[in-house]
Structures are given as structure tokens and as C-alpha cells.
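Peer 1: What follows is the residue order along each chain.
There are 2 protein chains.
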Amino acid sequence: MLSAGVQLPLRLRSSFTISSLIRGSRSTPCVRSIAASRRFHRPACLREQQSPELPSFLEAYKKAVEFPSATHDFESFFSQAEPNAEVVLHGYLGHRSDLSKKLSFVRLTDPTMKHSLQVVAFAKNEAFEQLKSLNVHSPVAVRGTVQKKKAKPTEGDKPAEDTWELALKEIHPLNDFPKEIIMTPETVFSPEHRYLQLRSDAQLRDALRFRAKAHNICKQELEQSQPPFTEIETPLLFKSTPEGAREFLVPTRRAGLAYALPQSPQQYKQILMASGLPRYFQFARCFRDEDLRADRQPEFTQLDLEMSFAKGEDVMRTVEGVIRRLWSNLMKDPAPEGPLRRVPYQEVMARYGSDKPDTRYGMEIIKIDHLLPVDLVGKISDLNDPIVEAFKLEGNENNPAETHQFISQFLDSPAGAPFNSNPDGGPGVFVYNGKQPLCGLQPFGFEAAEQVEELLDPDHGDLIILQARPRAPFSGGSTPIGDLRRALHAFAVSSGFKSAPTGFDFMWVVDFPLFSPSSDSEPGQGGAAGLSSTHHPFTAPKTAADVDLLLTDPSKAVADHYDLVVNGVELGGGSRRIHDAAVQEFIFRDILQMPAERLGDFSHLLDALRAGCPPHAGLALGFDRLVAVMLGKESVRDVIAFPKTGKGGDDAMVGAPTPMTAQALETYHLQLLK
Amino acid sequence: MLSAGVQLPLRLRSSFTISSLIRGSRSTPCVRSIAASRRFHRPACLREQQSPELPSFLEAYKKAVEFPSATHDFESFFSQAEPNAEVVLHGYLGHRSDLSKKLSFVRLTDPTMKHSLQVVAFAKNEAFEQLKSLNVHSPVAVRGTVQKKKAKPTEGDKPAEDTWELALKEIHPLNDFPKEIIMTPETVFSPEHRYLQLRSDAQLRDALRFRAKAHNICKQELEQSQPPFTEIETPLLFKSTPEGAREFLVPTRRAGLAYALPQSPQQYKQILMASGLPRYFQFARCFRDEDLRADRQPEFTQLDLEMSFAKGEDVMRTVEGVIRRLWSNLMKDPAPEGPLRRVPYQEVMARYGSDKPDTRYGMEIIKIDHLLPVDLVGKISDLNDPIVEAFKLEGNENNPAETHQFISQFLDSPAGAPFNSNPDGGPGVFVYNGKQPLCGLQPFGFEAAEQVEELLDPDHGDLIILQARPRAPFSGGSTPIGDLRRALHAFAVSSGFKSAPTGFDFMWVVDFPLFSPSSDSEPGQGGAAGLSSTHHPFTAPKTAADVDLLLTDPSKAVADHYDLVVNGVELGGGSRRIHDAAVQEFIFRDILQMPAERLGDFSHLLDALRAGCPPHAGLALGFDRLVAVMLGKESVRDVIAFPKTGKGGDDAMVGAPTPMTAQALETYHLQLLK
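Line by line, the protein sequences give chains A and B.
Here the working numbering is used: the first residue of the first sequence is 62, the next is one more, and so on.
Here the working numbering is used: the first residue of the second sequence is 62, the next is one more, and so on.
In short, the hints are calculated from the structure, not lab data.
All values derive from a computational prediction rather than experimental measurement.
Ideal Cβ positions, reconstructed from N, Cα and C, are used throughout, including at glycine.
Mixed in with the good hints, there may be bad ones.
The calculated EDC-like cross-link candidates involving lysine to aspartate or glutamate, where the alpha carbons are at most 16 Å apart (straight line), are [claimed, not checked]:
id, chain 1, residue 1, chain 2, residue 2
1, A, Lys274, B, Glu284
2, B, Lys559, B, Glu455
3, A, Lys162, A, Glu136
4, A, Lys280, B, Glu284
5, B, Lys280, A, Glu284
6, B, Lys123, A, Asp609
7, A, Lys124, B, Asp609
8, B, Lys735, A, Glu727
9, B, Lys274, A, Glu284
10, A, Lys372, B, Glu127
11, A, Lys123, B, Asp609
12, B, Lys372, A, Glu284
13, A, Lys209, A, Glu143
14, B, Lys175, B, Glu136
15, B, Lys124, A, Asp518
16, A, Lys735, B, Glu727
17, B, Lys124, B, Glu284
18, B, Lys372, A, Asp134
19, B, Lys185, B, Glu127
Only part of the chain B face toward chain A is listed, based on derived beta-carbon distances under 7 Å [to be verified]:
id, residue
20, Pro252
21, Tyr256
22, Val311
Isolated chain A, as found in the complex:
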């Protein structure tokens, strides 16, 4: 954190001014003198080794070291409490109420921070004064006598915790919560104080407990299936292979050699399929050296699985079982019944302009360029012969003026700006208005207006959006109109024009193209063909006909590749794999045109396939994202104990990454590039 360069709002660093006033020789292992300027410890100068005066912080610590063990946790206390019994409880102090000079109340919150109990302190007891010297939130051990509660319930009491209170006999301070830190359930702490956020924010702690439960339910489903899946750990010190994403490297002490952290256990799990272990799963830590987004971390956890003698359908059925068990055990919403629907990539791209659409709010896209007069197309786009698509957003209260206002706000907002500046033409906006000529669709001309009315069935006050794009097959994750549909709906919800959709609409998006045009901006698979594997280069063609297309037109081949999508979020994706070494090598070498040395990086995989590997298929669910979706969280950061927060992947709390020392660089035979 010293290196993070962030201003601390809290004076938590004060003890860094501690210094030894009189210090023994650095070489003597025995410390002769010490002084501390910590705020609640007076400095102590010690002259005699024989009978040193203990600095006050060590005196305080001696007492904390020998604190009494708890006789009960709070749950067993509440179920077993008997009047007049003496008990010891551990917990955190709440705010103290001094009812008189002789009587104070304080609530004690248990270590789980789920229960609390009223403690009564009387002036006749010496613990009374000690209690008064302690700060709120400080951890304590409390010895007291159980009694039926006499006082009125204080705020925050739970019925079950309202029966008993403790008459204070002894209180052992275990540490001190600084007065300077203001901690309420509403306080938002900076990322570097994540421990304070966790401690003050019950929802965040509950999210971590929920995550652990979700983990267990996934495990149960897989381990109880027949034949059962086996959880197998695979190495994290892997090697660099051109799968797609940029990998973190881990240099070794052998000059020039490095491991790579895996972007997924893909190759190891395929090798397990060649190893006579037919059903594998793992909660696998994965790594991608990419820039941070709200839903992406440089390290993340995926529920990774693979099945041999299996096709994509087998994997989808298995994962549906996982989803069904998660929802029926942990969610109020009903678990999805039956097989989830399978929607081909071409269809979701056409209907929603996205390969991970949120299908809950309609606004389906239709292609209308064949209906439009040439002059209207020319107004919408400078492209020659573009595809023009349209969708409808229903207005509220049949009020075109309100709709006008909404769309103007959107187009003027930062969310709308990128659509306005689309070089292929901005959105064509029409408000359907029964009081205007051709209901506001004049630019369509009579014939097209009628056909568009028939297709979109607009009501008075509805919004109709047109968007052009170049005439080309679908590729990638979205189209301009798909992005517009998503952004416009999000703006409608955030601005209150529409209410947020509820529930969960799951689907499998299937039949992705096996290959997509390469993008220069990604590290890619290193091939020279101008094509990249859409999923990864291990993905199998779907049918025998797609195998045929490998030779004639690989860009048309369909993959046995399936993404699980819910509410506009891709929960995970998987595929059947190529289990035949010759075919895999053909894809690497002849289709992707990887150079020989990159191809050599995969020789272990090819060898394993060649050793009689059975057909296999698998999937990885983004576990952080799955939990975030279940809890309705915007960001995976809300379901990770210690997320990276900075754009560069900083752990602001511990202050990572840090500068490599000269010594460390030398150990790894490295130096910084000048």
C-alpha cells in the first residue's frame, strides 16, 4: 500500500512512526531497548536488560494472549442459557449506553456478526470502568452471569436474542478498534480498506457464504451423477500456448525459461479424457493478462468440466442439472424446467443482435432493407447496399411526446453518443404517432410504412429504431443494432422510462461458426490464415457436413459449441473437442496456418489424442459471474473476497503489483528493457 500512491482517508498509519529511541547493537539478537509512540502506548525507555520495564503495548498484549476461552458460541448459548450460570462469551462491543453513573448497557456482537446480546454493567464491578475505556467495535472476551432480561428491548434486538442478558463480571480487551474509523453498515470504504468493507457490510460477507454454498451444490450435482464426476486438480504452472488470450508468464531460475499461468485447464482436461478418467470437474483458477472490466478479473474461477464418450448434448444436459439444482436450492425464483431451449447463433444474432441476448424485454430485431425506398436507406447510411434492421420500443401511456423526450435524452447522453457517431450511419428514429401523416412513418413511403406496421405492430407512442450495417454474415458477439437495443433498454430502465425486467431466462446459444475472421487487436492463435477459432482451436465441427466444409469453405462450418446465456450474461461456454490428432493437426496447420514452432507447443496434446483418446466434450462456467448473477450483483467484485480493483489489475489493499527488486531480476536472469 505504501507503493499504491493513494491518499489514506484514515490515519491508520500512525504506528509507522514508532522508532527505537535507544537501540542495542543491530547484531545482538537480544533486544535491549524499545520505544513505541503508538497512540495509546506511552514511550518507554528501557535501560536494564535484567529487569526491563515492558512497553505498555507488550503489557496489553500479555493480557490479550491469555484471554479466557469462550464457554459457548452464541447459538449454543441461546439454546442452553440458564439463569445465574457464569459464562464466557467472545465478540465485538457495540455502542455503550450509560443509563446512569452506575449502570451501563452495551451489546456484544458474536464473532459471526449474526447474533448479539445485551450486557449490563454495574458500577460496583471493576469491569464497569474498564468497559467505559473501550472503543466501540473492539474485540473482547466477557465473563458474566446469565440473567433474564429486565430492561426494555433495545433497538436491534432479535426476538430469540431478547430473552437473556449478561451481568458483566470481567471484560478482557483483545484489541482496540481505532476511534478514528467511522464504521456503520452504510460506510463505503476505499478498496484498500477491503477488510473494513467486509467487516461493516453484512451483504458482502453473506455473498461470500452464498458463494461457498453455490460451490457445494455444483459439486453435489456433479459427484452424484452416474457415473460420477471426479474433482481433479490440474497444474497452474503450465506453459505458453497460443489459445487466444494473453497469458501471464512466470520466469524460472533457468535463464530464459518461463511457465505460463493457464487461461483455462483446457489442455490438461482433454489429456485427462485420454487418461481413462471419463468425467472431470474442477473449480479452477484461471488467468488472463487483459485489462480489467466490471465483469472481468485477471484471475478468476471457473467451474470446469469435461466428459469423454460425449457430445455437446451430454454436456448441456449435465450443466442443466447443475443450474436446476442451484436454483431450486438457493433461489426464490423457480428452477428452470426441462431442457433449456437451444437457439442457433444465426438466430440470436438476427433476432437480438447479440450472441448473449437478454430476451426478457422483447424488442426483437427484424431485417427490413428489402422493404425500404432507396432514398430512405441513403439517409440512414452512406454504405452501398447495407443491411437495415429495425426494432420497436413500446412507449408508455400512448404519449409520443414522452417517447420523443426519452429518445432525445438517450441520444444526448454518453450512453447514446457512440451510436450517433457510427460511421455506417446513426440510428434512424421514428415515433409512431397516430395523429401524424402515415403515423410518423412518412419517410418510408406508403407501401413500406404499411409493411413495417405489419411486421412491428406499433402502437401510438411507440419508438421505432432503424440501423444500417454492412452486408456481411454475422460474426463476433454483436451487431450495431444489437448494441443499440441493449444500451437503449438499459437507459430506459435507469431513467425510469421502463421497469427493470425480472426473472431468469436461460438459453443455450448453439451452432456458432467454427471460425471467425481474425482480429488484430488480440494475441490470437498466431495463425496466418486470417481466421481464428471462434471458441478455441480444439472445438469440433458439429456434423459430418461441417467436416466436409473444412475443405471447401471452413468459414461456413458450424461448431459443436454452446454458450449458456441468461439475461444478457454469458455464464459460460463449452464445446465438443476434436479428439483425433490428425484432424486437430489439420486445423492447427492447414486451417489456422499456425507456424511450425507454435504447432510444436501443442505436441503433448496431439500425442495424447493419438494415444486412442475417446471423443469428449466439456464446458466452463464463469463461477464468479454465475454467483454475481444469482445475487443480482452488477460486478463480480461483489462476490470475491479480495478482488483486483484498479484498471491495471491492482490489488489496492495489499498494494500489488510491486517493483521487482534488482536481486529478484537477477535470480531470474532478467533486466528491465531500457
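Since the structure of chain A is already known, use the hints to place chain B on it.
Peer 2: For chain B alone, coordinates are given in the frame of chain A:
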């Protein structure tokens, strides 16, 4: 594997000679021509784009792609089989027996490789010829008619699998197992063919399944305790801090900055204790950049846990519950009852010369230098005033000659050599022999011989070993006589002189010194004091008296540090932690004398402690090692799917680590040191 430089015993690489004979332009995404020289695929030269002739490997793959789904797994088949039903089963072919030209038998092993079934093929069916063309071990889908078994049981039948057989109707080859690979249950494959080892070695696959079960049982015990432990994932992209071991670094794209892979989740879990999450556990991947040993891998898994408001005793009781549940669920040996015994470090070092002794075979050590005549001490060691210790190894059959032969063999063996060349003096060897003057103890003189007899109570033919060491308090993991005791016993077992001990003798070794003299050979904690923390610098002193010793003589302070030991193996270790920031800083700064910049690396931890962190304690069990001990394996490699095998931490199978490319180095602003 190309880079591993290992000769391949198997010709698995042959398909790397595949090359395109006629190749289209590199820039056309459409592949016009292809040729394969793979051994069972004839090369095919394709001239026409319009109607290319499919290479034979693609033809074969088309069939494999559309293989029929299994109607049953073998377990459900065995429970539901009905005569004359048609079923499809998946599995691997066994060796075929051709009973006549018209009748063949072959066993089909299921994908789990736990069950098998007899398949009968008759010449009248076309599958008959196809079966004959397939290699043993090849994966297939088989369609057949269920019938009661007629033929005599063949070798390897299990009773439950002996009732039914399948009359072959169709067979779908799914891949081809190369004839060149000889695979029997006894074959030992080189590490680069780990998949073949896994596939051929049922014990190895069972070890992985056992490991997964052990994982679940540990989880259950912790999650069902009250209050429950919560499994929480902590980051692997951490930062470099001077805890003790050398850390792997992960350079980032920001020049000079790197993450470090954690040697344990120690700091994050302590911060969780400051975060209101009172009981944490995790199966945590940990990393140490150290040279490989049989029981150490550069990456390993530990069952990591931490409890707040707890002392060492609380952790030990929790872990005893884990061990008890593991043993009672998974082991034939009885689960250890009651609390495991606690043995102080000073005691195990004195009695066994080791801080992780195998206590099952006696041979306890006694200190005898005060009894010995000066001239005998002088013969044993050149040291001035050494400590001399002794133990007894019981001979067999009261036969001194046999004992003589055994000890001579040991001392002449590589195992004995290091003890002979001990600069402080080699072992003093005496065989107790009732037929010799003073029973062979003449060099002791009458008085000492009598006292040694009384202490060791030797019988005719027993071996008595003396060993000197410098007069100094115990430190580190073992003494020379402790190492000798261990090595001598191991040799006695391996040479057949003694039988191997059985059962499990658990203990907690407790009361370790808080600090030990620094060793120059380790990266250490970077302090200048000549002292290092024995466990790690977060370990708490045990009692108030030990807190006092921090000022007067820290080397005498005892830690609340406990190691779980069984049969000479340290299963794990833990400690109570310092939960007070001022005390922790005092240890860092004034006792260990860390430089300010290293101390700054821990500021996140100090800040978290300062925010009212409760007392806490924890432990990490080496999970690989635990499983290896439970299964009686010598090496953790036998319980890890893909272990590193080379001394330098190579993954021989995938061929990691690999050279960093110029591009990768540049991405991370690095260059190799010249």
C-alpha cells in the same frame, strides 16, 4: 515436449511429418489441398476445390463425429439388462480371442475402466470384420443384443459381470490406439507419457478418486462444525513479501512491476480474521520456487484454515476432528481416539533427534556424555565438550554376528556414507555381546558400561550407537543422531533386517522456539538480527512469560506453534498469530530487524490488525502429502494427476517451462541478462 530433450521410446510423433503436398496461398482462408502421411491414412492429393476428395482421416473422423449415444452406462446396464434387448455401449476394446473363423470374443471395458463385458462377434455380421481391423485399447461404440452368457467365464470376469454378454451388431471405431504402444497394468511409462500411465495404472486413477473423497471429507468436517467454517478463495496474484521461501514472480505489462504467487494464503486469511469472517478454510494452491524433492513440488495444495477468537488449542481440536473423520471414513486403520498427544519440541528433539519423528519403532535417544570417560569421548569426536547421545537398535535372534554384518553394510552403503564423514565424528558402534568382556562395552569402562546398560537395557546381539554433536540448544529440524536413527531404521527395513512398522502414530509437536538462528542458504525474512522466525514472522509467543522474553532473550521464547506429525511425516503446521499491530511491528522491526522497505511490504497486514483484529490462529495441512500418507505412497507425485517431475520443476508431459519469446519479453518490458 519438443523442448524437453528426452528420447521418446514410442513413435508417437510420426504425424509431425504430415505436410501439405499441394498448398493453396497462405492468405486464402479456404484450404484447397491437404495431404496426410499418417500411418493409417493414405496421402491424398486434392486438386479440385469444387469437389475435393476427403482425406481418409477426415472420412474416418466424420464417422466418429456421428457416433451413437450410449443407451446405458455399464452399472445401469448390469442392473437393467434384459435378454434380446438392443443396447449401445461405449468403451475400450480388450484383446480379441478368435475362437474360429466365424466366432470372436472381445471384452469391452467401460469408460470408467472399472467394469467390462464380453462381446461376441459372429462372422455373419459385417461388424465381425470391422472388429478384426481394430487395435486393442481403441475406444468404440458398440451396438448389440443382450444375451445370457453361454461361454465359460474368461479370465478377469467379475461375478456381477459374468451374467450377460453382447452379440455384436455394429461397431463404431471412435479413435485408434496405436499398435506400437505396449500397455499392460505393469508398464511404467516415462513422465512425458503421463496420460498412458494414468490410463494403464488403475491404482493411480484410484488415488485421484481417493484424493477427491478425502477433500470432501475435510470439507464436511469443517462446514458442519459449529460455527461453520466458510470456504473462501483468496488471490493467487499476490505480492512479494519476505515470509521465508523464494516466491515466483509474475511480471505485468507495467514496466518493472510484478505480482508474486503466494507461498500460502497466510496474509489474506489473517486479513479475513480482521474482516468479521471468523472461520475460514480453503484448498489453496501454493507456490515455492525451490528445488524439487520427492515430497515437494513447486506448486502444491494445502488445506488452509484460520479461526478468530481462537488459540492454538482450538485449531488443534478442529484438525483432530478432520483427521478422525478422514480415518474413520476412508481407512482400515482405526481412527485416532481422543485428543492427540502434545509433545514439546525439546522433548521430541531429545528423544528422537527430529521434530517430525516416526515414533513407531522405539530407538529412543538418551544423552550419555556425562557418563562417558574422557578418552572415549575423544575417540568419538574431536569437539571440545560435545554432547554425546546414544540409542539402541534391537538385533534379531540374539545373533551379534548378524548385527555386525547389518551395521557394516549400512556404513558401507550410500545411505551410511554421510554419517561416516561427519566432521564432528562418525557414529560410535557397539554390538552388545554377552560373550565378550564387559559385553563388548569395554571402551566405556566398567562404571559407564553399567550405567549405559541400565539406561538402554540391551540384549545379546543388540546394536548401540553413539553420536557426538556440538554443545548447543536444539535448533532446526533434526540432530545428527536423529538423522542416523531414521536412516539406520530405513536401511534395516529396506534390507530386510527389520520389518516395516505399521499403523499411524499421530502427535502434535508443540512449543517450538519462536525464533531460530538464521540460515544463509534460504531467502529468509530479510532481517539483520541473525534470527529468523521458526514458523513465520506472524507467529505468536505462547504465554505471557514468552512475551516477557521478547525483551530479554527472544531466542528462548516459546511459540504457540504446532506441527501435526505422523510416522515421521509433517502433515502440516500452524500457529496462533500475532493479532496486535504494535507487537507485530515490534517483531518485524526490533527482533528480526527487517529493513524499513521490507517492513513496508507488510503495511496492509499491520493496518488490518490495527483495525481491531481479534486474536486468531490457524494451520495448513499439506494436502498432497496427507493423501500420500493415507495411501502409503512414497511420493506426492503418486497422488497428483500431473506432477512436476524434473529437478528443475519440469512438467515433462507438456514440456514446461519453455523459452520466453522476444515478443513476450518485450510485452513485459524485460530482456535477458547478458
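Peer 1: Could you grab the alpha-carbon distance between Lys124/B and Glu284/B and see if it respects the 16 Å cut-off?
Peer 2: 48 Å, violated
Peer 1: Is the hinted pair Lys280/A and Glu284/B satisfied, with a Cα-Cα distance of at most 16 Å?
Peer 2: Holds, because 14 Å separates the two Cα atoms, which is no more than 16 Å.
Peer 1: So if I understand the rule, the pair passes when the alpha-carbon distance is 16 Å or less; does Lys372/A with Glu127/B pass?
Peer 2: Holds. Lys372/A to Glu127/B sits at ~9 Å (cutoff 16 Å).
Peer 1: Holds or violated: are the alpha carbons of Lys735/B and Glu727/A at most 16 Å from each other?
Peer 2: 11 Å, holds
Peer 1: Was the hint right that Val311/B lines chain A, CB cutoff 7 Å?
Peer 2: 5 Å, holds
Peer 1: If you draw a straight line from the CA of Lys372/B to the CA of Asp134/A, is it 16 Å or shorter?
Peer 2: 15 Å, holds
Peer 1: Are the Cα atoms of Lys209/A and Glu143/A separated by 16 Å or less?
Peer 2: 9 Å, holds
Peer 1: Measure nothing beyond the straight line between the CA atoms of Lys124/A and Asp609/B; if it is 16 Å or shorter, mark the hint as holding.
Peer 2: 12 Å, holds
Peer 1: Verify the proposed pairing of Lys274/A with Glu284/B, using a straight-line Cα cut of 16 Å.
Peer 2: Holds: Lys274/A and Glu284/B sit about 10 Å apart, inside 16 Å.
Peer 1: Taking only the CA atoms, is the gap from Lys175/B to Glu136/B under or equal to 16 Å?
Peer 2: 10 Å, holds
Peer 1: Does the structure keep Lys185/B and Glu127/B at a Cα separation of 16 Å or less?
Peer 2: With Cα atoms ~25 Å apart, Lys185/B and Glu127/B exceed 16 Å; violated.
Peer 1: Holds or violated: Tyr256/B as interface residue toward chain A, Cβ cutoff 7 Å?
Peer 2: 4 Å, holds
Checked against the numbered hints listed earlier, the structure breaks hints 3, 12, 15, 17, 19, 20; every other hint is satisfied.
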